[in-house]
Amino acid sequence: MNDILMHLVLVADATIRMSTPLILAAMAGLCSERAAVIDIGLEGKMLGGAFVAAAVAYTTGSVWLGLICAVIASMLLSLLHGFACITHRGNQVVSGMAINIVVAGLAPTLGHALFHINGDTPALPATARFMSVTLPGAELLRGVPIIGPFYSELISGHNLLTYLAFALIPFISWMLYKTRFGLRLRAVGENPEAVDTAGISVEWLRYRAVLIAGALCGIAGASLSTAMGASFIRDMTAGKGYLALAAMIFGKWKPGLTVTACLLFAFTDAIQARLQGVELPLVGEIPVQFIIMLPYAMTVILLAGFVGKVVAPKADGIPYIKER
Amino acid sequence: MAQAKLPGWVNAGLIPALNLLVAFLVSGLVILAMGENPVEAFGYLIYGAFGYAEAIGYTLFYATNFIFTGLAVAVAFHCYLFNIGGEGQAYMGGLGIGLVCLYLGDLPFWAILPLAVLGGALFGAAWAAVPAYLQAKRGSHIVITTIMFNFIASSVMTFLLVEWMKRPGSQLPETTHFPDQTWMPKIYELAKHLGVDMAHSPLNLALVIALLCCVAVWIFVWHTRWGYEMRAVGRNPAAAVYGGISPAKAIMISMLISGALAGMMGLNELMGVQHRLIINFTNGYGFTGIAIALMGRNHPVGIVLASLLMGALFQGGAELAFEMPNITRDMIWTIQGFVILFTGALEHMFRPRLERIFIKKDTEAAA
Chain A
0 MNDILMHLVL VADATIRMST PLILAAMAGL CSERAAVIDI GLEGKMLGGA FVAAAVAYTT
60 GSVWLGLICA VIASMLLSLL HGFACITHRG NQVVSGMAIN IVVAGLAPTL GHALFHINGD
120 TPALPATARF MSVTLPGAEL LRGVPIIGPF YSELISGHNL LTYLAFALIP FISWMLYKTR
180 FGLRLRAVGE NPEAVDTAGI SVEWLRYRAV LIAGALCGIA GASLSTAMGA SFIRDMTAGK
240 GYLALAAMIF GKWKPGLTVT ACLLFAFTDA IQARLQGVEL PLVGEIPVQF IIMLPYAMTV
300 ILLAGFVGKV VAPKADGIPY IKER
Chain B
0 MAQAKLPGWV NAGLIPALNL LVAFLVSGLV ILAMGENPVE AFGYLIYGAF GYAEAIGYTL
60 FYATNFIFTG LAVAVAFHCY LFNIGGEGQA YMGGLGIGLV CLYLGDLPFW AILPLAVLGG
120 ALFGAAWAAV PAYLQAKRGS HIVITTIMFN FIASSVMTFL LVEWMKRPGS QLPETTHFPD
180 QTWMPKIYEL AKHLGVDMAH SPLNLALVIA LLCCVAVWIF VWHTRWGYEM RAVGRNPAAA
240 VYGGISPAKA IMISMLISGA LAGMMGLNEL MGVQHRLIIN FTNGYGFTGI AIALMGRNHP
300 VGIVLASLLM GALFQGGAEL AFEMPNITRD MIWTIQGFVI LFTGALEHMF RPRLERIFIK
360 KDTEAAA
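Chain order of the listed sequences is A and B.
For the first sequence, numbering that gives the first Met the number 0 assigns the number 0 to the initial residue and increments by one for each residue that follows.
For the second sequence, numbering that gives the first Met the number 0 assigns the number 0 to the initial residue and increments by one for each residue that follows.
Just so you know, the hints here were simulated from the structure itself, not pulled from any lab data.
In this text, all values refer to a predicted model and were calculated from it rather than measured experimentally.
Note that beta-carbon positions come from the ideal geometry of N, C-alpha and C, so glycine has one too.
Do not rely on the hints blindly, as some may be mistaken.
Not everything, but these chain B residues come out facing chain A in the computed CB check (under 10 Å) [what the hints assert, rightly or not]:
| id | residue |
| --- | --- |
| 1 | Leu31 |
| 2 | Met33 |
| 3 | Leu103 |
| 4 | Leu106 |
| 5 | Phe108 |
| 6 | Pro130 |
| 7 | Asn149 |
| 8 | Ile244 |
| 9 | Leu293 |
| 10 | Ile326 |
| 11 | Trp332 |
| 12 | Phe337 |
| 13 | His347 |
Just need the whole structure built from these sequences, with the hints factored in.
As structure tokens, this is what we get:
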């Protein structure tokens with residue numbers, strides 16, 4: 000009995016750990032798309048953030064400096080996206096793809112030029128990483144049944160960025176639904192003409208939305224290379240940006256549902272590690288490639304209509320042209 | 000004033016050229032930032048792509064891949080569908096081609112060639128069919144579903160190559176070699192039969208098939224009913240419905256043809272050079288197809304030109320990486336990304352300024 004509980008707690012623990020970059024990136028996509036800017040470039044911004052975080056943390060020895068630089072780099076990419084889609088009303092999907100491809104090439108090129116190890120960054124020492132934090136009382140409570148493992152394994156023992164990600168969920172909901180800025184941001188995604196008529200700049204609002212998205216992607220990237228991993232590895236995002244985007248669509252562009260979808264993806268990721276080489280009743284051992292495929296296949300199945308009617312922000316993807 | 004239009008050569012020639020120039024300028028700045036000389040770097044790039052006969056053969060060989068994937072993206076785009084799944088469709092098409100070559104390889108080449116074309120096209124189309132159906136009937140976002148299908152294709156192919164189709168006794172995830180008669184004839188071999196001596200390169204008959212596909216796509220898009228319906232749905236689905244056109248049907252048709260074109264890429268890569276089914280042979284060419292279609296304005300002639308440019312970039316990039324070890328082949332992706340950004344997303348950046356210059360001139364001339 001205790002054994003099963005421990006297994007469950009460990010899977011839940013891995014789910015929380017793996018959901019961190021997904022939640023941050025999905026929140027980024029949410030902010031951007033609520034202001035009507037489609038952001039396929041989540042993947043590239045995350046990858047850029049991951050590279051900058053690891054490279055700066057390695058050269059300076061400061062993981063905080065790495066995080067800050069990752070956020071700045073990712074926000075610069077957001078500015079580029081904004082310049083193309085908001086200022087020049089370019090195609091948002093094309094711009095996002097371009098950013099993904101630029102970063103997928105640029106990060107290993109710079110990595111090779113700086114560190115000469117095949118485009119990756121050298122392994123970070125523990126001092127230049129976000130290590131797991133033991134919350135007060137975790138050791139003390141460990142022996143207590145039920146609450147003990149729950150608190151010491153599940154709640155305690157994550158890295159700072161994971162706590163930050165979970166703390167940001169209510170903050171972003173509050174910002175979107177309870178502040179004047181959030182109201183305007185949502186309005187610009189539904190009816191930009193009305194916002195414009197009210198004398199508020201559509202462009203500046205959208206720029207702020209994509210900049211917030213950039214900052215969140217930067218943190219997501221840093222969590223990949225300095226918290227979950229200990230270096231930048233080429234293509235280390237491995238589709239997480241696209242999964243985050245899918246999570247946002249399942250989540251119907253709402254924070255709570257989006258986080259639930261992220262946790263679901265992270266859960267398939269977590270059980271994937273545990274399913275490898277395990278004999279299951281009836282089906283036998285599942286080949287590892289099919290387990291890896293799980294989150295992607297689930298995305299398609301869910302998108303095929305198990306999420307009910309999905310309504311995107313009305314102006315999503317449409318550039319705003321001011322009447323003259 | 001508003002009705003005044005830019006002259007055709009500005010629209011189709013000058014604007015793309017300017018955008019390309021900016022893309023290369025920005026790439027040059029990146030190379031400069033890495034402490035290398037961008038002029039020298041582009042020199043190696045151009046020499047590596049066109050400097051000698053063998054290089055030109057390689058450039059054309061890469062261009063062949065890009066014609067297939069570029070046409071695929073373009074056909075879907077005429078129906079306003081973003082087919083980002085070219086990579087997965089090409090991979091699956093390769094499986095179809097591989098199966099034909101491995102299991103029907105005893106047939107003579109004239110029988111294998113159409114079967115292989117069919118195999119590649121069918122498997123590619125089949126892989127595009129599911130996202131197409133979901134878009135047509137359930138409204139699932141085709142960008143997301145095609146991306147997911149790329150990942151799924153990659154997993155499925157790895158499974159097949161590791162577990163089922165692997166060459167006995169080999170450690171590598173690859174099949175046994177295709178029988179000799181399934182190999183796509185090289186252009187230099189064909190030239191030798193005609194008494195012409197050409198430099199040896201992997202350039203093969205697939206280029207001719209690719210060019211035939213260009214003609215077929217041109218006829219299909221602009222001169223058939225299906226093509227017309229597809230473009231009508233792409234322009235304005237609501238109006239198309241009033242015109243008695245079924246958007247769902249148009250979406251299915253354009254995506255199936257798109258997938259079939261992407262699937263044929265393996266003719267060049269697998270039957271032309273690898274002569275076996277290997278892991279990751281698509282090497283991102285499916286994504287490059289997006290850049291090709293954007294640069295080529297979704298027109299076959301433009302696509303051939305854009306493919307030549309990108310082929311030159313791929314072949315010249317190898318020379319560049321060799322001559323300047325500080326710059327790796329990944330730099331090609333960076334340049335390609337900038338090309339997509341400036342020719343695709345920022346295509347209108349120079350338009351207002353050029354409109355001011357050229358349209359003012361026109362009115363002055365008229366006055």
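How the hints compare with the structure:
The criterion of a C-beta within 10 Å of any C-beta in chain A is not met by Leu31 (chain B), whose closest approach is roughly 12 Å, and the hint is violated. At a threshold of 10 Å, the smallest CB-CB gap from Met33 (chain B) to chain A is about 5 Å, leaving the interface hint in force. Because the smallest distance between the Cβ of Leu103 (chain B) and any Cβ of chain A comes to about 27 Å, over 10 Å, the interface hint for this residue is violated. For Leu106 (chain B), the interface hint is violated, the least distance from its beta-carbon to any beta-carbon of chain A being 32 Å, above 10 Å.
Restraint check, Phe108 (chain B) versus chain A: the minimum CB separation of about 34 Å is more than 10 Å; hint violated. Annotation: Pro130 (chain B) was flagged as interfacial toward chain A, and the flag holds, the nearest CB pair being 8 Å apart, inside 10 Å. Look at Asn149 (chain B): its Cβ gets to within about 9 Å of chain A, closer than 10 Å, so that hint holds up. Taken as an interface hint, Ile244 (chain B) does not check out: its beta carbon lies about 23 Å from the nearest beta carbon of chain A, beyond 10 Å.
Given the 10 Å rule on beta carbons, the hint for Leu293 (chain B) holds: about 6 Å separates it from the nearest Cβ of chain A. Checking Ile326 (chain B) against chain A: minimum C-beta separation of about 7 Å stays under 10 Å; hint holds. Taking 10 Å as the C-beta cut-off, the interface hint given for Trp332 (chain B) holds, the closest approach to chain A being about 3 Å. The interface hint given for Phe337 (chain B) holds, since its Cβ lies 6 Å from the closest Cβ of chain A, which is under the 10 Å cut-off.
This hint holds: His347 (chain B) has a C-beta 6 Å from the nearest C-beta of chain A, less than the 10 Å allowed.
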